[in-house]
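Chains as they are written, first to last, in the numbering used here: chain R, 1 to 531; chain W, 1 to 344; chain Z, 1 to 334; chain U, 1 to 360.
In case anyone wonders, no lab produced these hints; they're calculated from the structure. For every residue, glycine included, the Cβ atom is placed at its ideal position computed from N, Cα and C. Please note that a few of the clues may not be correct.
[What the hints assert, rightly or not] Restricting the straight-line Cα-Cα distance to at most 25 Å, the calculated cross-link-like pairs of lysine to aspartate or glutamate (DMTMM-like) are:
1. Lys-203/Z / Asp-174/Z
2. Lys-203/Z / Asp-305/W
3. Lys-203/Z / Asp-262/Z
4. Lys-203/Z / Glu-163/W
5. Lys-203/Z / Asp-157/U
6. Lys-281/R / Glu-237/R
7. Lys-295/U / Glu-125/Z
8. Lys-203/Z / Asp-170/W
9. Lys-295/U / Asp-262/Z
10. Lys-203/Z / Glu-177/Z
11. Lys-203/Z / Glu-156/Z
12. Lys-295/U / Glu-64/Z
13. Lys-169/R / Glu-214/W
14. Lys-295/U / Asp-30/Z
15. Lys-281/R / Glu-314/R
16. Lys-295/U / Glu-50/Z
17. Lys-281/R / Asp-291/R
18. Lys-281/R / Glu-496/R
19. Lys-295/U / Asp-70/Z
[Said to hold, decoys possible] Derived Cβ-Cβ restraints for the label pairs, each shown as a range:
20. Thr-122/W / Val-183/U: 40 to 48 Å
21. Ala-37/U / Asn-325/Z: 49 to 57 Å
22. Val-34/W / Gly-282/R: 45 to 53 Å
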Amino acid sequence: MAASRPADPDDAPVVALRDVWKSFGAVAALRGAHLALRAGEAHALVGENGAGKSTLIRVLAGVHRPDRGVVELDGAPVEFRNPQDARAAGLAVIHQEPGLFPDLTVAENVFVGRQPRGRFGRIDERAMRAEAGAVLARLGVPLDPRRPARGLSIADQQIVEIAKAVSLKARVLVMDEPTAALSGPEVERLFSVVEALRAQGAAVLFVSHRFAEVTALCQRVTVLRDGAHVSTAPLAETTVDRLVEQMVGREPDALLVRRDSPDVPDAPGQHPPGAPALEVKGLSRAGVYRDVGFEVRAGEIVALAGLVGAGRSEVARGIFGVDPRDGGTVTVAGRVLPPGRPRAAMAAGLALVPEDRRQQGLVLALSVQRNATLPRARQLSRFGFLVGGAERRAAREWAERLRTRYGDLDDPVGTLSGGNQQKVVLAKWLATGPRVLIVDEPTRGIDIGTKAEVHRLIAQLAADGVAILLISSELPEVLGMADRVLVMREGRLVAELPRAEATEERVIRAATGHETPAGPSRAAPRGEVTA
Amino acid sequence: MTVAGRPPERERGGAALLDAVLRFRALGLLVALVLLVAVTWLANSRFLSAQSIRDILLATALTLLLACGMTMVVVGRGIDLSVASVLGLSAFGTATVLADHPGLPVPLAALVGLAIGAACGTVNGLVIAYGRVPALVATLGTLYVFRGLVYFLAGGSRISAGELPRGFLDFGTARVLGVPWLFLIAVAVLLAVGEFLRRHRAGRDLYAIGSHEEAARLAGLPIPSRLLLAYVVSGTLAGLGGVLYAARYGTVDASAGYGMELDIVAAVVVGGVAIFGGSGSVYGAALGALLLTVINNALPVLGVDPFWQRAVVGALIIAAIALDRLVALRVAASLRGRDDAHVH
Amino acid sequence: GGTTRDSEEERDDAPAGDATADPDAAYATDLSVAMLPKSVNNPYFEASSEGAERVVDELAGSYEYTGPSDASASSQLSYVNTLSQQATDVVLLSANDPNALCSALEQARALETTVVTFDSDVAPECRDVFVSQVDGAEVGGALLEMTAEQIGGEGEIAILSATANATNQNAWIDTMEAELAENPDYADIELVAVAYGDDEDEKSFRETQGLLAAHPDLAAIVSPTTVGIAAAARYLQGSEYRGEVALTGLGTPNQMREFVADGTVTEFALWDPTALGELAAYAGAAVASGIITGAEGETFTAGELGEYTVGPDGVVTLGPPTRFNADNIDDYDF
Amino acid sequence: MSTENAARWPRLPRRLAGWDAAVVALTVLTLLVASGAVDEFGTTRNATFLILDLAPVLLLALPMTLIVVSGEIDLSVASTVGLTSALMGELWAGGLPLETIVPLAVLAGAVLGAFNGLLVTVLGLPSLAVTIGTLALYRGLAYVLLGDTAVADFARDYTRWANGSLGGGWVPNVVPPILLLVVAFALALHATPVGRAIFAMGANDTAAAFAGIPVERTKFLLYVVSGAVAGLVGVYWTLRYSTARADNAEGLELTVVAAVLLGGVSIYGGRGTLLGVVAGVVLLTSLQNALRLAKVSADALTVITGTLLILSVLLPNVSAALGARLRRRTPAPPPSPSPPTPAARTAVPLPEPTRRDGRP
Ligand SMILES: Nc1ncnc2c1ncn2[C@@H]1O[C@H](COP(=O)(O)OP(=O)(O)OP(=O)(O)O)[C@@H](O)[C@H]1O
Ligand SMILES: Nc1ncnc2c1ncn2[C@@H]1O[C@H](COP(=O)(O)OP(=O)(O)OP(=O)(O)O)[C@@H](O)[C@H]1O
Ligand SMILES: [Mg+2]
Ligand SMILES: [Mg+2]
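Make a model of the complete structure from these sequences and hints.
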């Protein structure tokens, strides 16, 4: 399908959306959106959480039908009644949340619905595996095409999604935050593949909250605010500051809060960190992590860095007790936590904001209110009964503190935009008033303004004496926020860098193991697993 | 902006092992089957007489047919509780047609049964795929409706063997090279469904839909038509089952096949088809059907007290799925153990 | 309308006999009669219903055939309640359980409904009259007699019954067991198994199969249930045991005609269900008209069936079962 | 952002729009129509019968609702009733007094439920499959216990209580305990932390576990409760029909499931109300009662039950789909007060639209 037309900015758009409106009940997600994608051009779509980016993409993909407005293909109006129509018209779409089939193999996931066929219409499994392997190799990911998708990490799931879209060889490639779960090299590989497609004349739509990526990949940018079109301009003619201003409709705040910035009331050094609030010793789980030990003091922010799949999230889940662990002890404020009992961990003052909000963080079908108060239902009840407006008041208070945007507290949380869902997860745990807070990728998929808010919030909590373990794949976040950086590699803790020594380079080196970093390090091999 | 690099892929060994295990799970059923047959045979050598084997094959044929359709439906994350009622309706319909028109060629009457089944399946499919009614609700409803229809049509009447043409009844017990026809038909259906589910796009689509319906929608798979197909096939096979039922038992009344749906679901589940869709094979379901039939036939032969039989069947169903699960857990554990070797 | 209070107080009263019988009274007309079988959709009861309806028509009453589609006592109870609410004069009942319906029947009787059981009885104090198809001992005896004739007086036999709870089946089986133990004529016959086909064709079929496989020396199967004997006959017909193993029991001529014709079955027995229905209807009308009360020794005339006497416990017996074989089977159509 | 204030009852209109509200309305309508159209339906005498008939289904539906909302199912309830009933008969025949037997029967039910619970939670087996197995197993054990016999000579005082009415009026004796249980289950599901947990785990058990909810323990307890209630129903059934038999309540599980689904509980878990289920049970039973009184045959009853079950879900879906189609045909006016932006056909920068109201 790849049209080999030269990239010509004056070309008529391949696909365009004109004055598109779309509401869900009382919520107007799109209120006059415009977008035009041209052959051979990468087009960025930016906006705050809930601005309507994903909705716009779903309209383009034939998932939603617009209430008003038209979709044009090569200048002629078309109606995509379902995703098949859009695909038939040459659109390949990567949606925001990866939707793989856990029971099918990776190869089948890539080719679902269009498997290569041999005689009698039988699926040619060999050819399918070979082709899938080739696409994955192009993306630089040595995934086995025969393995089932179940159990793939979020990053790998995203890669498979990308492979699926790329292998379609479509005229239009639409990507909704494809990089949110990826690490550097994978992003680079993805970009080079997209570049190649673009050079062959494909039109590309790219959604991301990371401006560095937007500027690296795209030629044009459209800003969406509150579902309405704000501006479209060549990237060369605009600046990040200007874009952010257009997104939020006001002067942007500081984009990243550093702990030592004057915004934060209690900068480190002014207050020495308190007593150890979280102590982890010899934590192990067969095949996942081994002999992990560290401590986090009250008022301290400790970052846990590492490559995707290094086992950071597993450690967090082991500490909290949702996953079993084979050995080791976890102590919160002097109380030793029994393994496998999240409730005991919560009682001791531990909270975990998990990385996968849709699976682990939220019950999508339940209302915003129910989600926000779920871990606290017991505390909110009187004589064992939840009556009156206690739940509601509590939910509203926290939703407002985090500036969550929702239609009604009784709406299913699944109808919120990705970023706002993340805020509900944060609200849910912050409301428990934890002594130790573990946040796993707290800003994944969150827009730039909100991200700063989340950072400020975390810094504020630390200042209030909460011990914070921050797991993040974003180095600037790690370096900007943390008092100390722990680095994990292949299930082991390999380095500990105090703030002064934590540089991008040293963290990467520790994480990849290419060179033992200097300075105080915990990389020395320890004894056998204490199982 | 993010941390660079990724660890080496460590799943390769896993996929192969998983493959082996999936095969082993079927093996587990086979071992159970062989053991059961051996024990019964030791207790009573007549259990393996030609007659007895033919009886088992005949009895399996019906369960097998229905289990094939049920597998398609369950793989797509549905369930068809109406199969037994459809079987009853088709059996009664076919028998009525044959009794009322003695001259009618048997294949034509069989077509009537198939058509009844297909029509019932279409109703199920439309309600589920296009009306978006959960399968359990819809087919529980049609379980009542179709059975009610048979009652309504049959009233208290019963069509007995004497009213059916000789040729039709002979077909019920006829054999080729000693193997009952009915069983051969069931096996042919089994192979066809197996091939369809493994090697054809529409079949794979069912697995995809059962695995993650929302993703299937986004991937542009024609979900409603695939589901419709599954239910129509399930209904048609139940219809065919009805024809074979009439041919084999000769006597057909309104309660033909009553309560059979749970046996079929049990066979499919015992055969390792995940009740929540997305995985399992029709061959496993076939083994499950065979195992349950053999259990049912072996217990009287073993002289198990009739009052104990039902309890034993229940216990065996539980044992089969528990065993299956334990094997899967062990394998998962050993997979992790292998990975552990890579964590240095 | 009305409340349940009265029935509560009358419950412990003697079942019948507080009224006096007038043997010379005429049958009342305009009686509303309902037949409540174990379950509708059963050909056997359809045949009974035919007979009962004919009688009710003759007496210029109104007739209804109603009941649950599953043969369970609990569903039947709802129907008893419904019928008593509708002030039905006579209920002809074949009970799924001897005790479960009692309290509801008592309530119905307190509201002047006559309860006649037929085919399968309830506890005697809960009904007016029971119309028995045959004398229990007589059936058991006849079954054994036919079996002994067919197997030459020796060998292993097995019974294929209906459900494990069926009152009449169990009574017959008990008679047969007692007879086998005591009667020297049957000393060489051994009862090796009782199987239950639940009155389901398929299950009976499978159980027959199991019996034959489990007992290689089996000489005969006795199936005192119409569903069971037909299924067993079909199995035998298609198997290598045909002609080797004798089959007898209770069956309808229409169902068994084929098997008698081809020699799978030599002889079996049954009473005429239509006549049973007729007799039940007459008995009901007789009670409702005050001709009898259900006390032992009372007599009434049941149309062409002739005169019947109420036996002990309010039981009226239709007569000995008819035996069907190649010679006479074509004379019957039911 | 929401503009509601805390004082009002914001959930009321939403509730009224729900399916359970529709079932309640349909139930009331059925009762009214039946009273008008069927002679004997509206009598107190019939009310007595109706309540006695629906009691077992209603009782079993209570824990079933919780289990289905938690994302599981229990098909073994009717067999548990049968087994506890058989046990009761066996114990009574063995000479134990009923005061001892009743708690034992309930306890036995709880143990049977616990066995289901263990298989579902500890082994992680799918509950549909497990309870199909125990459906056969428990019924089989009932036959093992009682075989072909029935125990019927239960003390009159008790059987009379089970069938009797309060103070000799028309309200059956079983009404107060049933009401108590209904209220207890309704409160547990809708107004306690455990109820919240049940909804959460039904919709997403991973997220529930991450919120510190002991998912497995809760499910286990639900099965124990379900078994105990089934034991209680076993006692009631035995006394009501004054007979303990192995086949008591056979096939009742499908009626219970049908009633629960009819009451608007999602078979996928996470959605449903107890009020809806109560209405569903009343609807099913009263419809059957009315049709029986109206001399409609049992066959038609079967067909109507099934049709109702399907329509209960199908109709709302179809009307929603039709509504959506209609709305697309006739485009609604712009949903916000701000005028549509100029219909610029090219992707040039546009003037910024007015800010949406209610932003924080
Ligand atoms: N299915 C739906 N039902 C109801 N409301 C919805 C639905 N889908 C989206 N919305 C609402 O539409 C608005 C736009 O959401 P959308 O997902 O398009 O935002 P987004 O720009 O992609 O945000 P993010 O950057 O967080 O992904 C949000 O207010 C959201 O709550
Ligand atoms: N749900 C899951 N089931 C099975 N395996 C998983 C699952 N989630 C993660 N894994 C695997 O476990 C390993 C460690 O993953 P983990 O998510 O802990 O890494 P991480 O360091 O937190 O990286 P990330 O940045 O992706 O969160 C990876 O190899 C991943 O593939
Ligand atoms: Mg989005
Ligand atoms: Mg992680």
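Going down the list of hints, with the structure as the test:
no. : hint                              : result
1   : Lys-203/Z / Asp-174/Z             : holds, 23 Å
2   : Lys-203/Z / Asp-305/W             : holds, 15 Å
3   : Lys-203/Z / Asp-262/Z             : holds, 24 Å
4   : Lys-203/Z / Glu-163/W             : holds, 22 Å
5   : Lys-203/Z / Asp-157/U             : violated, 40 Å
6   : Lys-281/R / Glu-237/R             : violated, 54 Å
7   : Lys-295/U / Glu-125/Z             : violated, 28 Å
8   : Lys-203/Z / Asp-170/W             : holds, 21 Å
9   : Lys-295/U / Asp-262/Z             : violated, 44 Å
10  : Lys-203/Z / Glu-177/Z             : holds, 24 Å
11  : Lys-203/Z / Glu-156/Z             : holds, 22 Å
12  : Lys-295/U / Glu-64/Z              : holds, 9 Å
13  : Lys-169/R / Glu-214/W             : holds, 23 Å
14  : Lys-295/U / Asp-30/Z              : holds, 19 Å
15  : Lys-281/R / Glu-314/R             : holds, 15 Å
16  : Lys-295/U / Glu-50/Z              : holds, 19 Å
17  : Lys-281/R / Asp-291/R             : holds, 7 Å
18  : Lys-281/R / Glu-496/R             : holds, 15 Å
19  : Lys-295/U / Asp-70/Z              : holds, 17 Å
20  : Thr-122/W / Val-183/U: 40 to 48 Å : holds, 44 Å
21  : Ala-37/U / Asn-325/Z: 49 to 57 Å  : holds, 54 Å
22  : Val-34/W / Gly-282/R: 45 to 53 Å  : holds, 48 Å
Hints 5, 6, 7, 9 from the earlier list are contradicted by this structure; the remaining hints agree with it.
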